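Those protein sequence lines, which keep their order, are chains G and Z.
One point on numbering: in the numbering used here, the residue at position 41 of the first sequence is 41, and numbering is uninterrupted.
Numbers given in the numbering used here equal positions in the second sequence, counted from 1, plus 170.
Hint data in this document are derived by calculation from the structure and do not stem from the laboratory.
Small disclaimer: the values here were computed from a predicted structure and weren't measured.
Careful, some of the hints might be misleading.
[What the hints assert, rightly or not] Here are a few chain Z residues that face chain G, going by a calculated C-beta distance under 10 angstroms:
(1) H177
(2) V181
(3) D268
(4) M294
(5) E302
(6) T340
(7) G343
(8) S356
(9) Y377
(10) L419
(11) H422
(12) P426
(13) G427
(14) V494
(15) E516
Ideal placement from N, C-alpha and C gives every residue a C-beta, glycine not left out.
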Amino acid sequence: MTTPASIETPTIFSSALAARFDKLVTLYPVRRSALIPMLLYAQDELGYITDAAIEEIAQRIGITPLEVRNVLSYYSLLRTKPVGKYHVQVCTNISCMLRGGNELFEHCKEHLGIGHKETTPDGVFSLEEVECIGACSWAPAVQVNYDFHDNLTADAVDAVLDQYRKQAGK
Amino acid sequence: MPTLVSHPEEVKIVSSRFGKGATDIERYLELDGYQAARTAVEKGADWIIAEMKASGLRGRGGAGFPTGMKWSFVPKQSEKPKYVLVNGDESEPGTCKDHLILLHDPHTVIEGTIIAGLAIGAKMGFIYLRGEYRYLLTIMEKAIADAYAKGFLGKGIFGSQVDFDIISHTGAGAYEVGEESALMESLEGKRGIPRIKPPFPAVVGLYGGPTVINNAETIATVPHVLRMSGEAYAKIGSERNGGTRLFCLSGHVERPGVYELPMGYNLKKMIYEIGGGIRGGRQLKAVVPGGSSTPVLLPNEIDIGMDFDQVGKAGSMLGSGGVVVLDETVCMVEFALRTIKFYQHESCGWCIPCREGTDWLKKTLTRFHSGAGVAKDIDNIRYLAENMLGKTFCPLGDAAAMPTIAFVKKFRQEFEDHLNGKPCAYAKKPAQQPVLV
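Hey, can you work out the whole structure from these sequences and the hints?
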């Protein structure tokens, strides 16, 4: 952990993210408006939103940790438990379903050997069936972390997953 | 990267810069970018609103409210600051148009936001993107920074006396936040729960100030309207439905994609000519014309013009522009179940008819589709849905109920075919898995 450059109180975040948070809370007419982006950015850095992250974000905004938890429990992208390095999100909503989204999800389960909201033992992949991700005209679609993969087939998704596996060095 | 499609029948206005590198501000300027905002700074609010009213542009988020009229509702004098809020929380199943706008032409959204700000006298605008669109947020952040560097944002925009700031903002996964008052709650750092209306956002909105909230496509259209004049824009569309619209064709068509077509374009033609007809030469079974919340249309109901009024007359809604095409291999009970599963997942839980109604519908449809349904379930499904209509603070309850009622009404026989433990007639057909070999 590097020493935070911009704030005096200790931070659990990298100095770059801490600096970003310092700025974010001043941008809006009220500090609290920065809450949801802060939670998401914290999750991006830590993998999930830890108790320590909740404490620090609450302090930075000036609300209680309970209020932070109340908000974070509402949003489907925010999580308080770790997932795999590559979080595979398969859309099975109507447009994807019509073009094989359900079958693609089943295929991913088999390929990865895990089910909905589960993580592989090596921690490389986790899998989730998700609602519409806004790629309906390029269905079926999958999002791995924030990256979109469109017009997928079973073979194509295998190639995508293999690519990520290689990146993870496994 | 999403595939771009093209068809000779298209009228490319909002999509005119797609695939032309317009995320780069210099390129955007070459392509007539920021001209409309410059003119708007000179000519002022009254001119902007008059042009917008003349354009006949109606909200592209789904409600179809006339944009010029919406802007004119904002009080001229206000003790609290006024705000412009761009809704890029695109989440209606079947809809992916804002995705393309934000990917290919972020500056037009910025330019539209500036113009909306000038029209209502706001000094600050927010562009709210859904959390899943992170790569688009990065593109937007860069575009905003470039606009600041050019002096198009910040103090004295375009060398005038007017100040205007824009903040891009990310959500974190919630369909409900696409509803305007829930979006404002979310932007204030709270759970996305709808507010009681009235007061409407134009009077009491974000941070209690008068707020105009528009869909990203609506905002992206604004600079084009001013550049070509409201009157010219209106002429492209049909009566009381100005201009063009991005239609997201998905499902069982040969050529899915986002196509920009004049308002009032024939739906049948859209499916068979633009979309290349039904995949594999199969028969058309049904069309969801405007995102998953709009009532389904039968093949004999699609010879209609795609504008707010004509689709409304046909018993459905133009909605968000997501045209989902279903062929003969689809089990309508399963489709109804998948639709309601989404709304059950996304109901914020604030209003009881929606929270309980979507959950009961999901449970009943799940049981029904598995073959454990009883005859009275069919009427119960409809009864449950009908009792949600108009009984919630926001339209999510209606969005779940309306398509459900239509599925039961129009495909009752198919529901009856699932009775007495009969296996789903569609379950075994290999055609259901055309993609995976």
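Hints versus structure:
1. H177: At 13 angstroms from the nearest chain G Cβ, Z:H177 fails the 10 angstroms test, so the hint is violated.
2. V181: 18 angstroms, violated
3. D268: Cβ of Z:D268 sits 7 angstroms from chain G, so the hint holds.
4. M294: Holds: closest Cβ of chain G sits about 8 angstroms from Z:M294, inside 10 angstroms.
5. E302: 5 angstroms, holds
6. T340: 5 angstroms, holds
7. G343: 4 angstroms, holds
8. S356: Interface hint status for Z:S356: holds (6 angstroms vs cutoff 10 angstroms).
9. Y377: 5 angstroms, holds
10. L419: 6 angstroms, holds
11. H422: Since chain G brings a Cβ to about 6 angstroms from Z:H422, closer than 10 angstroms, the hint holds.
12. P426: 5 angstroms, holds
13. G427: Hint on Z:G427: holds, closest Cβ of chain G at ~5 angstroms, below 10 angstroms.
14. V494: With a minimum Cβ separation of about 6 angstroms from chain G (threshold 10 angstroms), the hint on Z:V494 holds.
15. E516: 7 angstroms, holds
Checked against the numbered hints listed earlier, the structure breaks hints 1, 2; every other hint is satisfied.
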